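Visitor: Listed here are the chains, written in short residue letters.
Number of protein chains: 4
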Amino acid sequence: MAVSPEISDMLARFTVAIPSWGFSPMGTRFATFLLGDEARDIYGRIDRASEVHQATGITPGLALHFPWDRTDDLGALGRYIHARGLRVEAVNPNTFQDPTYRLGSVAHHDPAVRRQAVEHLLWCVEAQKQLDAPYLSLWFADGTNYPGQADFRRRHEAVLDSLRPVAAALAPGHTMLVEYKPFEPAFYHTDLADWGTALLVCQQLGAQAKVIVDLGHHLQGHNVEFTVALLQHAGRLGGFHLNNRKYADDDLMTGSLDPYGLFLIFRELVKGERLYGRRIESVSYCLDQSANVEAKVPAMILSVMNTQEAFAKALLVDEDALAAAEAEGDVIAAQEVLRAAFLTDVRPMLAEFRRGRGTPEDPLRYHRERMAPARA
Amino acid sequence: MAVSPEISDMLARFTVAIPSWGFSPMGTRFATFLLGDEARDIYGRIDRASEVHQATGITPGLALHFPWDRTDDLGALGRYIHARGLRVEAVNPNTFQDPTYRLGSVAHHDPAVRRQAVEHLLWCVEAQKQLDAPYLSLWFADGTNYPGQADFRRRHEAVLDSLRPVAAALAPGHTMLVEYKPFEPAFYHTDLADWGTALLVCQQLGAQAKVIVDLGHHLQGHNVEFTVALLQHAGRLGGFHLNNRKYADDDLMTGSLDPYGLFLIFRELVKGERLYGRRIESVSYCLDQSANVEAKVPAMILSVMNTQEAFAKALLVDEDALAAAEAEGDVIAAQEVLRAAFLTDVRPMLAEFRRGRGTPEDPLRYHRERMAPARA
Amino acid sequence: MAVSPEISDMLARFTVAIPSWGFSPMGTRFATFLLGDEARDIYGRIDRASEVHQATGITPGLALHFPWDRTDDLGALGRYIHARGLRVEAVNPNTFQDPTYRLGSVAHHDPAVRRQAVEHLLWCVEAQKQLDAPYLSLWFADGTNYPGQADFRRRHEAVLDSLRPVAAALAPGHTMLVEYKPFEPAFYHTDLADWGTALLVCQQLGAQAKVIVDLGHHLQGHNVEFTVALLQHAGRLGGFHLNNRKYADDDLMTGSLDPYGLFLIFRELVKGERLYGRRIESVSYCLDQSANVEAKVPAMILSVMNTQEAFAKALLVDEDALAAAEAEGDVIAAQEVLRAAFLTDVRPMLAEFRRGRGTPEDPLRYHRERMAPARA
Amino acid sequence: MAVSPEISDMLARFTVAIPSWGFSPMGTRFATFLLGDEARDIYGRIDRASEVHQATGITPGLALHFPWDRTDDLGALGRYIHARGLRVEAVNPNTFQDPTYRLGSVAHHDPAVRRQAVEHLLWCVEAQKQLDAPYLSLWFADGTNYPGQADFRRRHEAVLDSLRPVAAALAPGHTMLVEYKPFEPAFYHTDLADWGTALLVCQQLGAQAKVIVDLGHHLQGHNVEFTVALLQHAGRLGGFHLNNRKYADDDLMTGSLDPYGLFLIFRELVKGERLYGRRIESVSYCLDQSANVEAKVPAMILSVMNTQEAFAKALLVDEDALAAAEAEGDVIAAQEVLRAAFLTDVRPMLAEFRRGRGTPEDPLRYHRERMAPARA
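Chains as they are written, first to last, in this note's numbering: chain A, 16 to 391; chain B, 16 to 391; chain C, 16 to 391; chain D, 16 to 391.
Keep in mind the hints are simulated off the structure, nothing from the lab.
As the structure is a prediction and not an experimental result, all values here were calculated from the model.
All C-beta atoms in this analysis are idealised placements derived from N, C-alpha and C, irrespective of residue type, glycine included.
Hints are supplied without guarantee of correctness; some may be wrong.
[Said to hold, decoys possible] Some but not every residue of chain C turned toward chain B, in silico, with C-beta under 8 Å:
| id | residue |
| --- | --- |
| 1 | W36 |
| 2 | P40 |
| 3 | R44 |
| 4 | F48 |
| 5 | G51 |
| 6 | A54 |
| 7 | R55 |
| 8 | Y58 |
| 9 | G59 |
| 10 | N160 |
| 11 | D265 |
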């Protein structure tokens with residue numbers, strides 16, 4: 016399969032960030048099972064992320080999570096990361112574990128709790144600057160479990176009040192990502208329930224605030240690719256948390272259950288560049304999955320492969336042919352164009368691309384043969 | 016039960032509009048069953064709506080649907096309506112039945128089709144002016160059935176282009192309501208999929224464009240009352256299409272399956288007036304249900320009763336007690352406050368209210384005893 | 016790609032039936048749009064099905080629907096069908112359109128209505144015998160729209176009472192398929208709501224009654240392939256109505272939105288033969304889709320292609336490798352096995368298979384080039 | 016409100032069991048917040064349950080969970096329980112926390128793991144006998160997270176093989192409850208996914224095996240009351256885990272979000288006794304909720320109150336009037352009958368009932384005034 020220069024160039028510009036928390040023990044509310052491959056500390060997590068990058072060649076970015084990844088010396092942390100050929104893509108604050116946050120953080124009714132949350136957020140902005148991370152990635156567990164528990168509008172205003180100083184503190188060129196989620200851990204309402212809410216908040220916070228789409232944070236049936244297209248068109252698409260789900264926020268490996276849905280999302284992003292001038296690398300792509308029963312490093316590698324394949328298939332979509340089919344109202348012809356791209360086996364094309372860059376042709380096999388034994 | 020002046024005043028200001036199409040034969044894609052109570056023409060539909068108003072006393076407004084309700088003489092139509100003590104609340108265009116609209120109307124790829132749709136919309140704006148209807152209520156069936164069938168962003172721009180001249184043509188004081196719906200009759204994407212999309216569109220169209228919430232137009236689990244509160248807070252809540260559903264857009268009688276959910280929505284609206292100064296009558300309430308197996312006029316009356324009861328219970332909510340519970344983080348106390356309101360049997364209160372206004376104490380019984388025999 | 020004899024044999028045994036009603040005007044409750052390719056009568060529908068079979072080579076079976084396909088002379092109908100190289104796979108009764116059936120058919124509270132329905136069903140059993148159709152395929156619109164409308168248990172007993180004589184009338188070797196659906200056109204409860212209900216009914220009706228799975232008749236998130244495996248294991252899987260959906264019972268082209276899900280279902284069926292001795296052709300596969308915006312014959316052909324590709328990919332799954340991965344609890348290895356099958360481009364393999372049987376290598380292109388112009 | 020003897024008798028026969036685990040620290044996968052009211056050990060949990068019973072008067076039954084509630088001396092445990100006026104209603108095994116169970120328990124591919132699970136289950140049967148608990152309540156977290164991870168049918172057979180000796184070990188008169196759940200903690204398939212699967216399993220295990228319905232264990236839209244009616248009609252309804260949810264298995268307070276849905280379920284049970292001779296107390300009612308943000312004892316009391324009110328309203332339904340409405344096909348009349356029951360404020364009736372039995376008229380106020388201060 017001959018790869019066109021345009022496709023080759025787009026493949027080269029596509030990277031996926033790896034979350035440090037993905038190498039920590041994770042589980043459900045029922046149990047957390049250890050497989051023995053969990054990292055002990057942030058340095059171990061960086062090493063694991065480095066293994067993923069060695070295998071895939073497209074994951075230089077790292078997403079950190081504070082305070083989980085907190086160290087006394089952020090400078091040393093940054094140097095450790097760079098020494099492994101990695102960089103920090105995103106800083107993720109945590110305002111959902113401290114007992115103070117039982118009834119919320121940035122939306123809490125008590126100003127003292129909100130202040131505590133904002134201080135942590137501002138600390139994270141500083142960390143972002145020190146680590147030169149382009150993205151501050153915000154997810155809040157804020158919400159209520161019962162009707163009447165709190166006033167929606169007061170909480171909404173509190174979210175805005177809390178985030179305004181954070182947005183104002185951002186370095187130029189840095190982006191604040193605002194994540195939404197319909198439920199869990201709050202089970203009646205969440206203060207950032209859907210993309211519309213996140214958009215409303217971002218509009219109040221200025222141009223550096225953008226929406227991040229976690230693929231598992233939608234009600235059943237939601238057309239994610241349409242939301243992606245709309246947000247990008249409105250200039251408010253900031254990035255993705257990649258994973259897969261069948262039911263709720265299952266946080267399974269990306270592409271493991273709905274590879275066609277993943278393809279359709281990337282098709283909108285590829286079209287965003289080809290037809291609307293939004294460069295593919297202008298948004299952040301970060302894995303966010305919870306490996307409850309499978310080995311963590313291979314799970315990351317597999318998700319990266321699934322993601323890259325979905326992206327590669329999207330690159331094969333003939334937009335001219337689709338435009339012609341639309342102009343003629345020929346739905347069948349449009350289906351044929353998408354089929355032609357999706358049915359293509361892109362593994363040879365990707366193997367060639369990887370060979371050309373000196374990275375392993377089969378990332379998962381490489382990891383199994385070279386690195387896994389090394390650790391044992 | 017002694018009714019406070021505030022409650023009495025709010026009850027008096029609350030009205031529900033009746034849709035003319037609710038008295039036409041309606042069904043599913045599988046069959047339309049006639050019960051014999053369908054109206055033959057617009058005048059019959061007005062007569063039916065008048066029966067509902069006589070029984071309930073709170074439904075003077077009428078929603079018309081064009082071209083279904085088209086007559087040669089709109090002036091005569093208006094006089095017929097006024098002669099029955101009714102007024103026109105909303106004008107509803109129809110751009111989904113003409114064969115031209117198979118692939119869309121305001122979002123269609125063919126400018127000629129879009130023009131046809133816009134011309135009809137502009138005709139409806141004129142009708143709105145002639146009939147002095149405060150609301151132009153827009154719902155579009157536009158969407159696609161398959162990935163690749165059309166370009167989301169082009170269609171989104173087409174929607175905006177189509178609606179701009181319509182918004183510009185509105186009379187001062189009139190409102191354009193933009194409705195959203197996640198699916199049906201389009202089954203892959205709809206151009207106005209959710210409240211976020213409708214909000215984006217309204218923001219482009221100016222202050223007279225607002226979002227209308229159809230209670231059945233959400234994915235399963237969506238917290239409708241939170242959306243209502245947010246939209247009102249953002250100044251973009253325009254009104255409601257009232258009905259109930261268990262699965263999709265089932266268009267059942269309002270309050271027939273989830274009376275507590277209906278109560279929670281009205282509780283946000285009552286709070287909107289009490290705490291945030293948004294008068295209860297500043298948005299439109301219109302039934303929109305499809306009586307497939309039940310008698311149509313009684314179905315309307317029952318929905319109005321369910322709606323008024325939900326509103327009345329919402330009036331009983333002690334917001335001070337809720338605020339105190341929230342300040343103390345006492346979730347159980349908040350539940351008790353809502354329970355106290357919802358568990359109250361408001362039928363005596365409403366009977367007293369109706370007596371005081373000279374309308375029937377039990378609307379459904381009144382209709383059964385007085386009006387139904389009269390027709391037979 | 017060398018095709019093993021086992022795979023070649025299984026490909027040869029796999030057929031998909033075409034529903035006559037798929038060539039009639041179809042739509043939603045909002046509108047029915049004509050594309051001009053609708054057939055005028057049953058003979059036109061047979062001709063269309065014959066076109067599909069000429070293009071695909073694997074669709075000799077026809078599903079008829081009565082009274083839609085009723086003729087004075089069933090013998091002549093059968094001869095017309097055979098003359099085109101087709102056979103009748105299934106007879107589908109219709110007890111949902113007659114005005115009598117507003118509140119149900121086999122579950123109706125009125126014995127006279129139930130009798131009318133049973134008489135039609137018995138007529139269909141006779142037609143099944145005359146046409147030598149192995150399957151009687153039953154779907155009922157029975158259900159209620161509101162709580163309290165009817166007694167669930169009385170209706171359940173009525174269903175059993177109505178179907179017992181029908182089951183008793185079946186010819187030896189013939190199968191009665193019982194279909195389930197959670198909602199639409201009934202919106203509160205349906206008398207055959209889910210596979211558990213259908214199973215309960217089949218258990219009462221004897222060994223010739225089996226469950227048919229319509230891919231669109233599940234609540235969001237339902238794991239269809241697990242249900243398929245369980246039903247087959249319990250000896251009660253009778254067949255499939257193939258289509259695709261994103262939201263409700265959307266009746267889109269099979270495989271158009273979730274090709275991986277279709278693959279997973281066929282993987283259970285292939286495994287059913289390979290590991291559990293249930294021959295792939297022991298159940299019925301029938302398209303059941305509603306082409307609202309696309310051309311009907313190509314839509315059928317595309318669905319057949321999608322289905323055959325999903326089946327072909329399922330044939331490539333290495334069950335030994337999966338069993339080994341399971342025995343070692345290696346989730347990642349299992350994913351690699353499924354990936355290896357699904358990512359393979361099976362179009363060359365299928366082209367070779369078709370060549371070997373003298374049928375067109377690319378069914379859709381064949382239809383476009385040869386047959387569509389012929390009609391014009 | 017005069018209470019009829021029949022209603023009074025049914026109220027007196029209605030009890031709700033309290034789960035010991037409801038007084039332990041509980042949370043989500045994100046955090047577990049302590050409110051300070053958690054019990055330290057099983058004796059503290061029994062004391063809490065006793066408080067609930069003192070307040071409500073209808074909660075003498077206790078559900079125990081092993082090994083969480085394990086003590087060296089089950090006899091002493093039983094005596095402690097009886098001394099507080101309580102009895103053991105159900106014994107709940109736990110085969111989901113031990114690290115061994117990462118890939119399942121009764122369905123695990125490794126016979127050694129299955130044996131470990133079965134041994135624990137058999138131990139629980141012995142505990143059930145010693146504690147004279149009528150119900151052994153089984154819920155398994157067994158399932159898979161990814162397609163291909165395991166063979167559905169092999170696991171299904173393993174479930175049956177594991178449970179057969181357990182069913183055989185039951186004391187006469189004792190019941191084994193088999194619970195189903197569509198997802199969580201397994202996110203691709205669960206081995207007991209829905210009521211149909213649980214029914215299939217119970218049918219293999221004999222007459223003492225019945226299905227338990229957890230109100231939160233259904234996909235969105237599932238008509239729970241229809242399932243309840245069907246299961247009871249088939250002689251396989253064993254009991255309930257009571258809670259409420261808006262999204263997934265949210266485990267909120269019973270009746271807190273959908274009081275009408277709870278009413279509809281109890282209406283089927285009341286009808287089951289009145290029309291079909293299934294005594295209301297022939298199935299088990301047990302709370303199963305997770306108080307993440309609210310005080311635990313009041314949360315239990317509130318759920319019991321909501322449950323008793325839903326039951327009381329169900330007792331007010333005029334079945335004769337409903338039967339008449341059904342016979343006439345009068346959907347509106349049926350709605351009026353249900354409205355008449357549900358809109359009635361049953362608090363006075365229940366206060367009178369409680370007074371007559373010497374228990375507090377307002378359980379929650381009683382607890383707040385008498386017992387909560389006593390602990391402080």
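Visitor: It remains to establish, for every hint, whether it holds in the given structure.
Guide: Verification of the hints:
| no. | hint | verdict |
| --- | --- | --- |
| 1 | W36 | violated, 12 Å |
| 2 | P40 | violated, 11 Å |
| 3 | R44 | holds, 5 Å |
| 4 | F48 | holds, 4 Å |
| 5 | G51 | violated, 11 Å |
| 6 | A54 | violated, 19 Å |
| 7 | R55 | violated, 18 Å |
| 8 | Y58 | violated, 25 Å |
| 9 | G59 | violated, 21 Å |
| 10 | N160 | holds, 5 Å |
| 11 | D265 | holds, 4 Å |
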